[in-house]
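Peer 1: Residue strings, one per chain:
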Amino acid sequence: MNFSVIKEIVNENDSIFTIRFDSVMVAKPGQFLMVWVPGVKEVPMSLSSIGDDFAITFKVFGESTKKLASMKKGERMFYRGPYGNPYPEPEGKTAYVAGGTGLASLLPLIRKYKGDVYTGARTRNDLFLLDDDFRIATEDGSLGFRGNVVDLFVKEEDEYDTVYVCGPEAMMRSLLDRMHREKHGNVYFSLERLMKCGIGICDSCSVNGYRVCKEGTVFTYEQLKKMDEFGVYRRSGSGKIELIAKVQ
Amino acid sequence: MVSISTSVGDIRLSNPVMLASGILDETSGSMKRALESGAAIAVTKSIGSSERKGYPTPVVSVIATGMLNAVGLANPGIDSFSEEFSNFPVKEKVAVSIFGKDTEEFLYLARRVEGLGFKILELNLSCPHVAGVGSEIGQDPDLVEDIIRELKSRTNLQIWAKLTPSITNIVTIAKAAEKADAYVLINTVKATGVDIYARQFLLSNKIGGYSGPGIKPIALRAVYDVRKESEKDIIGVGGINDWNDAVEFFLLGASAVQVGTGLYYRDYGIYDNINAGIARYLEDEGFSSLDDIIGLMVKS
Ligand SMILES: Cc1cc2nc3c(=O)[nH]c(=O)nc-3n(C[C@H](O)[C@H](O)[C@H](O)COP(=O)(O)OP(=O)(O)OC[C@H]3O[C@@H](n4cnc5c(N)ncnc54)[C@H](O)[C@@H]3O)c2cc1C
Ligand SMILES: Cc1cc2nc3c(=O)[nH]c(=O)nc-3n(C[C@H](O)[C@H](O)[C@H](O)COP(=O)(O)O)c2cc1C
Ligand code: FES
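Line order of the protein sequences matches chains A and B.
This note's numbering runs 133 ahead of the 1-based position in the first sequence.
This note's numbering runs 1 ahead of the 1-based position in the second sequence.
For the record, the hints were derived by calculation from the structure and aren't laboratory data.
Keep in mind the model is a prediction, meaning the values are calculated, not measured.
Don't take every hint at face value.
[What the hints assert, rightly or not] Have a look at the derived ranges for each label pair, beta carbon to beta carbon:
1) Val365(A) <-> Glu286(B): 29 to 35 Å
2) Arg314(A) <-> Arg267(B): 51 to 57 Å
3) Arg222(B) <-> Lys316(A): 57 to 63 Å
4) Lys205(A) <-> Lys54(B): 30 to 36 Å
5) Leu376(A) <-> Asp243(B): 53 to 59 Å
The beta-carbon is built from N, C-alpha and C at its ideal position, and this holds for glycine as well.
The shape of chain A in the complex, shown without the other chains (with noise of 0.2 Å):
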């Protein structure tokens, strides 16, 4: 277990909040740690930052985020990892397609390479880290185009040579089947799972037998099509079957 000490914590917005700290691993964009909140729990968090500066990004959802959230400057964040596959370089036009804190997945390569982002959420208090340039889906439709970003990005697929997804699994299913170009080549996703080990032993990530913590997290268009139980059922943390609600 390694730790970090925590440079800043930023308050994006009322729910999503951004862990800055200093480290000397090795990572490339779409790693994730495992972030342990000791007498908590252990929790995968993708690196939303890595370089001179790393950071974690997150919605508080539960125990463990609502603990992470209440840290303070100076205190010792523990984690193992990097772990899972980074996402490959982009080629020609890029586009990134973030369904709510999947965005914080993306943003290492956002912030590296050239290309249009489409992000969407519930509401626009939900949204965090805009740019003016991003393209923004709401469902409500206070801000930005008003339905998901599934409906938001498809229009405008055939413009893009290279297309990172990364979001809640039922958004990145229904993206999956309606994307209608030919050449499927550059399009990767990068699905979250329930993690119990991250070191590819435990199965609780299993897609079809593929491990999303160790041969992914980020798999291809050609991958996730043959994989019937993406976006349809998962685990719960006893390994029972669990079905995944469908995007409307």
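Go by the hints and put chain B with the ligands onto chain A.
Peer 2: Coordinates of chain B with the ligands only, in the frame set by chain A:
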């Protein structure tokens, strides 16, 4: 080519390497993948009569000499297991691991497993980190004897008894489990670890099981001790990463081996690696089959 086929109880196997219980065997997709990657048998994670979420994370921790885990027997329960595995394509290559608190529960689970069409049952008499089951059952010779007698007389399943090393004399329990078709030696060793900067236990449950390279000498000794006292087939497990680890187990009397933590170090290539290495070793050393070396150092 020399033969690396072997047998365990009434089961004939094309090679001697199996997937151990609890590692990459929660989902039917991963069970298939283990078999496609060359495992002769894949053992399921241990299944109980009802759903268990297991302990909060951290449930695994990699240490210098292996791994600590306290997953807490997380499992979907026999009903959900049945739904997912009722149409599993190669049931004869699966051993279903079960755990229970008494004879009645073991018998109930065994009948459900037999009803699904599986042939091999592995009894978890050895998980070191859940109260009332696993190694707590597996330290009581009378109970172990009773459970196995009932299962053998009331089902037609092959029964493999997986024993704990965290006991004064493993031979006592092996004797109590005499009616089983094979012994599986060993489960993880009861252990713990500390993060000195967080000043916290490495596992949320504090106590867990130790696996990987560091326990190989303990597992080898268990196999040797039991082999000296019994002719029953033994499946060796504990710290096997490579073919030469497996050969040590064969020489001391194991007829087959299982790999668990080795998948962390070697991933799915481990099966082909071990099998190819064993074949090469047998050929180089002038043996004509795996049978020639099983128990070689115990018989003489
Ligand atoms: C590889 C990977 C990378 C991740 N990266 C990030 C990241 O960069 N930023 C981030 O905010 N989260 C990220 N997550 C999700 C994050 O791990 C969870 O939000 C976290 O585990 C929640 O822990 P908790 O104890 O606060 O909540 P829990 O007590 O575990 O959960 C509380 C409730 O929230 C729900 N919930 C938890 N997570 C989510 C989610 N992501 N979406 C919808 N509902 C959820 C649970 O089902 C539960 O009902 C990532 C997950 C994975 C697998
Ligand atoms: C993460 C993990 C989970 C395990 N779960 C189980 C289990 O459910 N039932 C069981 O009988 N053994 C379980 N074991 C023990 C293994 O099957 C094996 O006996 C032990 O790890 C030693 O072998 P190894 O060093 O090759 O891992 C587990 C081991 C690990 C590391
Ligand atoms: S989290 Fe354990 S295998 Fe992926």
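Peer 1: A separate judgement is required for each hint: does it hold in the structure or not?
Peer 2: Hint check results:
1. A beta carbon spacing of about 51 Å between Val365(A) and Glu286(B) contradicts the range 29 to 35 Å that was offered as a hint.
2. The beta-carbon spacing between Arg314(A) and Arg267(B), approximately 38 Å, falls outside the hinted interval of 51 to 57 Å.
3. Our hint of 57 to 63 Å for Arg222(B) and Lys316(A) holds, since their Cβ atoms are close to 59 Å apart.
4. Between Lys205(A) and Lys54(B) the Cβ separation comes to about 32 Å, which falls inside the hinted range of 30 to 36 Å.
5. Taking the beta carbon of each, Leu376(A) and Asp243(B) are about 42 Å apart, not inside 53 to 59 Å as hinted.
In this structure, the earlier hints numbered 1, 2, 5 are contradicted, and the remaining ones agree with it.
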